[in-house]
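Asker: As a plain string of letters, each chain reads:
Protein chains: 2
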Amino acid sequence: MTQLEQAKKGIITPQMKKAARAEGVEPEMIRQGIAEGKIVITQNRRHKSINPLAIGKGLRAKVNANIGTSPDQQNAEEEIEKLRMAIKVGADTVMDLSTGGPVAEIRKAILAESTVPIGTVPIYQAVVEAVKRKKSIVELSVDEIFEVIESQGKEGVDFITTHCGVTRESLSRLRSQGRLMDMVSRGGVLTVEWMRYNKKENPLYEYFDRLLDIARHYEMVLSLGDGLRPGCLADATDRGQVQELILLGELTKRAWDKGVQVIIEGPGHVPLDQIEANVVLEKQLCHGAPFYVLGPLVTDIAPGYDHITAAIGGAVAGRAGADFLCYVTPSEHLRLPTVEDVREGVVATKIAAHAADIARGIKGALKKDIEMSRARKKLDWERQINLSLDPERARNIRKSSLPADSDVCTMCSEFCVIKKQR
Amino acid sequence: MTQLEQAKKGIITPQMKKAARAEGVEPEMIRQGIAEGKIVITQNRRHKSINPLAIGKGLRAKVNANIGTSPDQQNAEEEIEKLRMAIKVGADTVMDLSTGGPVAEIRKAILAESTVPIGTVPIYQAVVEAVKRKKSIVELSVDEIFEVIESQGKEGVDFITTHCGVTRESLSRLRSQGRLMDMVSRGGVLTVEWMRYNKKENPLYEYFDRLLDIARHYEMVLSLGDGLRPGCLADATDRGQVQELILLGELTKRAWDKGVQVIIEGPGHVPLDQIEANVVLEKQLCHGAPFYVLGPLVTDIAPGYDHITAAIGGAVAGRAGADFLCYVTPSEHLRLPTVEDVREGVVATKIAAHAADIARGIKGALKKDIEMSRARKKLDWERQINLSLDPERARNIRKSSLPADSDVCTMCSEFCVIKKQR
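Chains as they are written, first to last, in our numbering: chain C, 1 to 422; chain Y, 1 to 422.
Since the hints were made in silico from the structure, they are not lab data. Where hints are given, some of them may not hold.
When chains are identical, the list treats them as one kind, so a pair holds in a single copy or across two.
Claimed, not checked - Cross-link-like lysine-lysine pairs, in silico, DSBU-like; alpha carbons within 30 angstroms at most:
#1 Lys399 with Lys88
#2 Lys420 with Lys377
#3 Lys399 with Lys132
#4 Lys199 with Lys420
#5 Lys419 with Lys199
#6 Lys108 with Lys199
#7 Lys38 with Lys134
Chain C with its partners taken away, still in its complex shape (with noise of 0.2 angstroms):
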């Protein structure tokens, strides 16, 4: 039985006992939110390195950390210092995005490594593999899209993305419309391909079945891709975003009747007075199921501070109930980020994630901030920055530009208010 399936039956799992602890929230809360599909329990089967982690209604807003070659940067090891760098500045997962070099050896190496859930995008190696045999992504056959899929799941992949609503109707409604910038998702745009090729329907909406019986077996949660999603802002909430949206709500109540545990995908790039908007109808159309956005990005124009930007839509999509926060690195549209990029994406998306659960007003989120206030008032300088986010940038930063007067800091220097209030 699955995690879903034992959570109708009113069985409290191991792991959802462990997932609640590490929540700091009864276990029967954790078990009735799988049961209605609003929580997910994220953890293969197979991948017993790491802890499960829960994600969904009433939670701490989780962040996701995107790494992996492309095949303009292929260094493997440098992949791996990225998985270290986000797992130590706070990503709850990672997704390994790999397309470049031997993506199969690198998935397993980060899967080994990782002591948080791995996320793949499965077609991403179907394609990578098929251009190696000199074949292109359109000649895969349906058993060899699925054969990809099955092997992550046997490797002990967590969450899969997959572009099931991705389909001739979502497509035609994106069409009829009209777009500033077309698709922007990868994987929206190999399907597509695929599609048109072989003149057939996309295989992962037509078998969705045999899409659920793998994630059923391997107890992998389903992260249903927004192939349409727009590439900005001018196309956000149109036609074909809303099209696939609703054909992923009818997947998620197909996926739930077979036990797989789902979560929806969502942009993008949305203008902030939409992004309220984007979440009810995510929780509306996909009846509660767990809403994971990538950013949103609020403008188009911020090359090199697109953290920003994502934390920004981040934080208002949180609010709003969004429950996992893909992040988004200072070098989104510039190139393949670096370690230090993924520092920055992480803690801003931390940020994003934390204001949000403060206002959503998610137990024990203030504490940390409380605790902070607390070290300023004293001036305790060593605990402000063991409280911070990122303790070493903090600690950097302040070591840089000692002042005369320890207690203080060069900002204000003598005219210190918290000193001159003591």
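Based on the hints, put chain Y in the right spot on chain C.
Answerer: Relative to the frame of chain C, chain Y by itself:
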């Protein structure tokens, strides 16, 4: 006659025309906003080297950068570098908060060099000069305090922060509730020191008309400071803060009656779910006067990243109607900012302001985003870089990791979705 008096009489001044042109709006819209107190036009009569800047209702949200020395960091040249950097990356105004070294000379150099309006906190100069004469702030006479303000008006300072709302009444409300962090405004704390020692009411409150006469004479905008702003999330929106805001609303009406333009300063540290309420409160209690917020910071635990914490709060405040966003830098709570910190702080706050402008439907706000999206669709990298908020940063990141195929970037390389959909 002041700008406000002329606006009330239906006169469109050359300053209003210039500011309207810069905003892309009708001069009559600016005039009407000024007449109602909902827009200010910022330019000291004597500060001829800058363009008049309009701030307020229906206009693009503006960004301020704080610069200035401290007793520990007295390098005047570096402050000029910070001024140049702030303007280069798009600050609309700069405040010189110098408290170290020859503060009057530093200010004069900044006023001469700047192409944007300059703000100050005159009480800082008063206290620095008192300390130089081996006196304490508390020994300053009321005349000496007003003389400093007068001298700064004469020099051409465009807007000044005065903590007029720190009064016996607001302090008593603050104390009746109690606080985790007490006061965190330097100007506010200096005022309290003076009041306590001299057993007198705040002179800027008691002799508010004298302040108005000076502001009126030089056409300085009064930025009514929030001396009781919260210094941590736990203290937000408390009695002291709201009592001060009530007083500032009363003073606003008095200023308008004397033809003086007013901006209201706001917090500070505010949980995400209280930001909109803070904006609504200011707009109601202060009769629609422009709202100038510091951040707000949406968590206390991110030293090293407070430009991001502030950008989240600023975007949400801006969307709710805040007109003027003061930046926060990555060095906040740790040290005096560097030139690079100024860059990061200004760009982060520009992102917040721009995201808010788009959400509020400010005319033309989305134009650059659409142009950027078109450049992305064309894979026109030079244009993408030039349309960026910080082209230098975007260019350097791209240059650091060049793809084999110059059409794409190293994130996706040959799997570039845009190239695939051509």
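Asker: The structure should be examined with respect to each hint, and the outcome stated for every one.
Answerer: So, going through the hints one by one against the coordinates:
Taking CA atoms no more than 30 angstroms apart as the test, Lys399 paired with Lys88 passes in both settings, with 21 angstroms inside one copy and 28 angstroms between copies. In this assembly of identical chains, Lys420 and Lys377 lie within 30 angstroms of each other by CA distance solely inside one copy; the values are 11 angstroms within and 56 angstroms between copies. In this homomeric assembly, Lys399 and Lys132 come within 30 angstroms of each other (Cα to Cα) only across copies, at 28 angstroms, whereas the closest approach inside a single copy is 50 angstroms. In this assembly of identical chains, Lys199 and Lys420 lie within 30 angstroms of each other by CA distance solely across copies; the values are 18 angstroms between and 75 angstroms within a copy.
For the homomeric pair Lys419 and Lys199, the shortest alpha-carbon distance between copies (22 angstroms) is at most 30 angstroms, but the shortest distance inside one copy (73 angstroms) is not. For a Cα distance limit of 30 angstroms, the shortest separation of Lys108 from Lys199 qualifies neither inside one copy, at 34 angstroms, nor across copies, at 72 angstroms. Taking the shortest alpha-carbon separations for Lys38 and Lys134, neither the intra-copy value of 43 angstroms nor the inter-copy value of 66 angstroms comes in at or below 30 angstroms.
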